[in-house]
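K.L.:
Each chain is listed here by its residues.
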Amino acid sequence: MSFHIVVCGSLVPDPLQTLEPMQGPTGPALKNEMMLPAVLDPWAGHALFEAATLAANVPGSKVWLVSLGPKAKLQQLMMSIAQKVAFDLVAVDGPAGGFLDAFETAEALAGAIDGIAGLEKDKMLLFGGCASSSRDASVTMQLIGERLGITDQFLAVDELKPEADGSFQIMERIEAGEYLVSKCAGAPAMVGWATGNLPEPPNNPQVGMQNMRTVMPALQQAKPAQVGTGDVNFTKVEVPQQRRETKIVKDTPVEEIAADIVAWLKG
Amino acid sequence: MERQMMEVDIACVGFGPATAGFLHTLSKAIMNEDGTVALESRVMPGAPLQVMCYERADDISFGVSGVVTRGKALRESFPELNVSEIPTAAEVAHEEVLYLTDPDGASTRSTGVKMVDKVAGLLAKDNAFALPWIPPFLRKEPGMVFSMGQFCQWIGQQLMGSGLVQIWPGMPVDSPLIEDDKVVGIRLADQGVEKDGSPTPGYMPGMDLKAGLTVVGDGPVGAVGQKLDDHFGLPEGNHIDEWAAGMKAVVQLPGDTELKPGFVLHTFGYPEPEIFGYMYVLPDNVASLGIFVPSWLDNPIRSSFRMLQHWMQHPAVWKYLEGSTLKSWGAKSLQESGMRGEPKLVGDGFARVGEGSGTTNVLTGSGFDEAWATGVQLAEATIELLKEGKSFSQFHLEETYLKRRRSSWVEEEAQQAKKARDGFTRGLIPGLIGMGMTGMTKGKLNMPGTPRRPWDRVPSFADYFRGKLEAGEVKAIIDECKAKGQSMVDPLMDKMGWKPIPYDGQLLLLHQDALLLGGKVQAAHGFADHVRFADPEKCRACESQICISMCSGQAIAASEGGDVPNFDREKCVHCGICMWNCTVGRKGDEGRRSNIIFDAGSGGFHSAEN
Chain A
1 MSFHIVVCGS LVPDPLQTLE PMQGPTGPAL KNEMMLPAVL DPWAGHALFE
51 AATLAANVPG SKVWLVSLGP KAKLQQLMMS IAQKVAFDLV AVDGPAGGFL
101 DAFETAEALA GAIDGIAGLE KDKMLLFGGC ASSSRDASVT MQLIGERLGI
151 TDQFLAVDEL KPEADGSFQI MERIEAGEYL VSKCAGAPAM VGWATGNLPE
201 PPNNPQVGMQ NMRTVMPALQ QAKPAQVGTG DVNFTKVEVP QQRRETKIVK
251 DTPVEEIAAD IVAWLKG
Chain B
1001 MERQMMEVDI ACVGFGPATA GFLHTLSKAI MNEDGTVALE SRVMPGAPLQ
1051 VMCYERADDI SFGVSGVVTR GKALRESFPE LNVSEIPTAA EVAHEEVLYL
1101 TDPDGASTRS TGVKMVDKVA GLLAKDNAFA LPWIPPFLRK EPGMVFSMGQ
1151 FCQWIGQQLM GSGLVQIWPG MPVDSPLIED DKVVGIRLAD QGVEKDGSPT
1201 PGYMPGMDLK AGLTVVGDGP VGAVGQKLDD HFGLPEGNHI DEWAAGMKAV
1251 VQLPGDTELK PGFVLHTFGY PEPEIFGYMY VLPDNVASLG IFVPSWLDNP
1301 IRSSFRMLQH WMQHPAVWKY LEGSTLKSWG AKSLQESGMR GEPKLVGDGF
1351 ARVGEGSGTT NVLTGSGFDE AWATGVQLAE ATIELLKEGK SFSQFHLEET
1401 YLKRRRSSWV EEEAQQAKKA RDGFTRGLIP GLIGMGMTGM TKGKLNMPGT
1451 PRRPWDRVPS FADYFRGKLE AGEVKAIIDE CKAKGQSMVD PLMDKMGWKP
1501 IPYDGQLLLL HQDALLLGGK VQAAHGFADH VRFADPEKCR ACESQICISM
1551 CSGQAIAASE GGDVPNFDRE KCVHCGICMW NCTVGRKGDE GRRSNIIFDA
1601 GSGGFHSAEN
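Protein chains in written order, with the working numbering: chain A, 1 to 267; chain B, 1001 to 1610.
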């Protein structure tokens, strides 16, 4: 029994940059959002690395990555991912801010998955980050699953162990640091990943450049999707502020510097 | 581990305005409107042309550089261009050129400059004299100002969104692959190595990219350009002896600033007479500013960072900047030999574009537009050759690319500017007169002068401080700094009368704090150090160790006892200024290279605040 693994994952702004929320013409956005360098959403990243490992361990399996994001930024993202794992890309051209409506996002992604040629739904494992694309509301993956008729759904998963008969064991995070272990008879299923247990694969530029040869045509064919903030009304958006103050004082005793820092932290 | 190889049609090195112009023009021709392939790959028959571009920086937008340009070539590529489509761009609205006198009396001014100061002082306001007229060759109106980083991101996104070319950031290119004087591709930098280049357990040899055409646009200090120059040499009579350090910053102006987007300010005269300054006001109260410290500033303790801070505090500049906040900061080398620094432009399998190919016009102070234009010219040539099924031989590239370049306005203006800077080899005033003569006569009359290599003209401490400070005093400072492993910049500049910088934590920051601004400076692990000292003994014997004072990011630091300086690539901004400032010629190669090897490496700015 093999799996057809579809991973939903896209980009988020590089957290090392200055992120400044602002009210744009179509709703809240980050200042200069299109100019900010982007990285793979870390939650979706775990899902993708788990998918690649699973596919490598279960012969005949295949991985698709469905990415909703600005086409102009997807190539950069794909270059970094393609260095780590192999996949077929399905690109959907649309915004990828943190303020998108989960319903509209799910509609667009489910539609794109429905259109994948060669995808056998009875073998499908739908992977994604458990908190992706939904402002940590953990609903987008469920909504996609519903639209694709997938009723076995698991959230905050850290481990998926396949069995020879096509069934698998799932370890889900629940409250108080406990795990819920379930047995699923087989695909199709939706798995919203937490961090998983796998390390991030190392970059291999050689692998990346080979993989990009198949990724590029998919980018060219990316179809636009109408995705926005839906009916959601944001009254206020903000990111935690980084505080930075420089003070030049000479010949100050260590104790005084320490006390100063403590006071600054408290303030 | 075996070195891997991949075949592509075209491999580009560096993503700056020249390569951007090349890729923009080429990408438009790869597919037909009906979706069929117009330019077919030779390595993947049936597929579109396989075009790869490799950029050292972590992202194509990383780098701090303000641009003012007439945008002639850019407008030809975008006939319907609305300047506001380019992020941070504004039409040039007002231009000013100020001659700055020295309010503190610490700078080194010749008798002639002092006389100019006196005359200018009669009409000066805020210790500055505004030129009543700007020569036409210096004017940029109608033109535009913008951030180079934002422009590259804007173009890069269009290119990457097309799915027709691949642009790989964070990929330093080690060298060209040369077989029998033919460039057959490029080699990426090895990964999984120690700082000295020795393999670790994660060693991954840099991939070889075999390409029919290698486009070299890696700027004035790029590793591939340097290695091509080493292999092929420069054409007879050409040299790359003139440089400038561009120390740049992006600031958020005060909310109540009177400056409007499109304001262009150029200055000269301070902090040293030879140092030029600029400020371009972009939308949203952001200003891009900086200074250019030329290689003909004969001063063995020059520090661009500290000079920038003095420039910002000049009354004529400070009146605009007071209350501003530093958003980002950076530096780059400028190849100021212009056309005289032109390398071998084409050969079998390769062509060079942009600043590293000698496009900067040293008379008009323009580089962006010329770089873009040469990229476009090469792309047009490439399309022609591909359509006619011809190879990228030297002959064919001469017949197409070189022919276009030689018959273009870029060449015409470069020819006029060829001797524009010669006067500066004799001093500021002959230099300014020379520029005026060249500009007004379109190159027919020039001030004579013989350019000298940077390391031939930096004076010794004894010569520089003669008449300014007591020799014993200078020696005591140098000895103490060397013994303690400290930079000599601040003690010597303070002694010369430069006022200490009143750090405010907003605009005037310690050098180390500036490194942490925006997205900070960083370098990926697993790459070798890209700055190395060819002959350590020469470094130990070097009196000035000017590489320490000039280093834009304090990545090169003093060692205790005056030993070989230390290099920390986590702080390096890849400006390459160390390479041409070093006062020691490389053993066996004294004529061309200094003792500092500036090679391909990872890292640099990691900030989109530019």
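Please note that the accuracy of each hint is not assured.
[Unchecked claim] No farther apart than 20 Å at their CA atoms in a straight line, the calculated lysine-lysine pairs in the PhoX-like style are these:
(1) B/K1520 <-> B/K1227
(2) B/K1028 <-> B/K1387
(3) B/K1260 <-> B/K1319
(4) B/K1444 <-> B/K1418
(5) B/K1227 <-> A/K31
(6) B/K1344 <-> B/K1260
(7) A/K247 <-> B/K1484
(8) B/K1499 <-> A/K250
(9) A/K247 <-> B/K1587
(10) A/K161 <-> A/K123
(11) A/K31 <-> B/K1520
(12) A/K62 <-> A/K31
(13) B/K1344 <-> B/K1403
(14) B/K1484 <-> A/K250
(15) B/K1195 <-> B/K1210
(16) A/K161 <-> A/K223
(17) B/K1344 <-> B/K1227
Worth flagging that the hints you see were computed from the coordinates, not collected in a lab.
K.L.:
Now look at each hint and say whether the structure bears it out.
P.N.:
Right, here's what the structure says about each hint:
A hinted pair counts as satisfied when its Cα atoms are at most 20 Å apart, and B/K1520 with B/K1227 does not qualify at roughly 30 Å. Taken as a hint, the B/K1028 and B/K1387 pair is honoured in the structure, with Cα atoms around 14 Å apart against an allowance of 20 Å. For the hint pairing B/K1260 with B/K1319, the CA-to-CA distance comes to about 15 Å; that is within 20 Å, so the pair holds. Straight-line distance between C-alpha atoms of B/K1444 and B/K1418 comes to about 10 Å, which keeps the hinted pair within the 20 Å bound.
For the hint linking B/K1227 to A/K31, the alpha-carbon distance of about 41 Å lies beyond 20 Å, and the restraint is violated. Restraint check for B/K1344 and B/K1260: not satisfied, since their Cα atoms lie roughly 43 Å apart, outside the 20 Å limit. Of the pairs offered as hints, the one joining A/K247 and B/K1484 is violated, with about 25 Å between alpha carbons and a cut-off of 20 Å exceeded. The straight-line distance between the Cα atoms of B/K1499 and A/K250 is roughly 17 Å, inside the 20 Å bound, and the hint therefore holds.
Of the pairs offered as hints, the one joining A/K247 and B/K1587 is violated, with about 45 Å between alpha carbons and a cut-off of 20 Å exceeded. Proximity of A/K161 to A/K123 is assessed by CA-CA distance (about 16 Å); at most 20 Å being required, the pair is judged to hold. For a cut-off of 20 Å, the pair hint linking A/K31 to B/K1520 stands: about 19 Å separates their Cα positions. For the hint linking A/K62 to A/K31, the alpha-carbon distance of about 38 Å lies beyond 20 Å, and the restraint is violated.
Straight-line distance between C-alpha atoms of B/K1344 and B/K1403 comes to about 14 Å, which keeps the hinted pair within the 20 Å bound. Using a Cα cut-off of 20 Å, the hinted pair B/K1484 and A/K250 holds, with the two alpha carbons roughly 19 Å apart. The straight-line distance between the Cα atoms of B/K1195 and B/K1210 is roughly 27 Å, outside the 20 Å bound, and the hint therefore fails. Of the supplied pair hints, the one linking A/K161 and A/K223 is violated, its CA atoms being roughly 35 Å apart against a limit of 20 Å.
At most 20 Å may separate the alpha-carbon atoms for a hinted pair to count; B/K1344 and B/K1227 meet this at roughly 12 Å.
Taken one by one, the earlier hints fail for this structure at numbers 1, 5, 6, 7, 9, 12, 15, 16, listed in ascending order.
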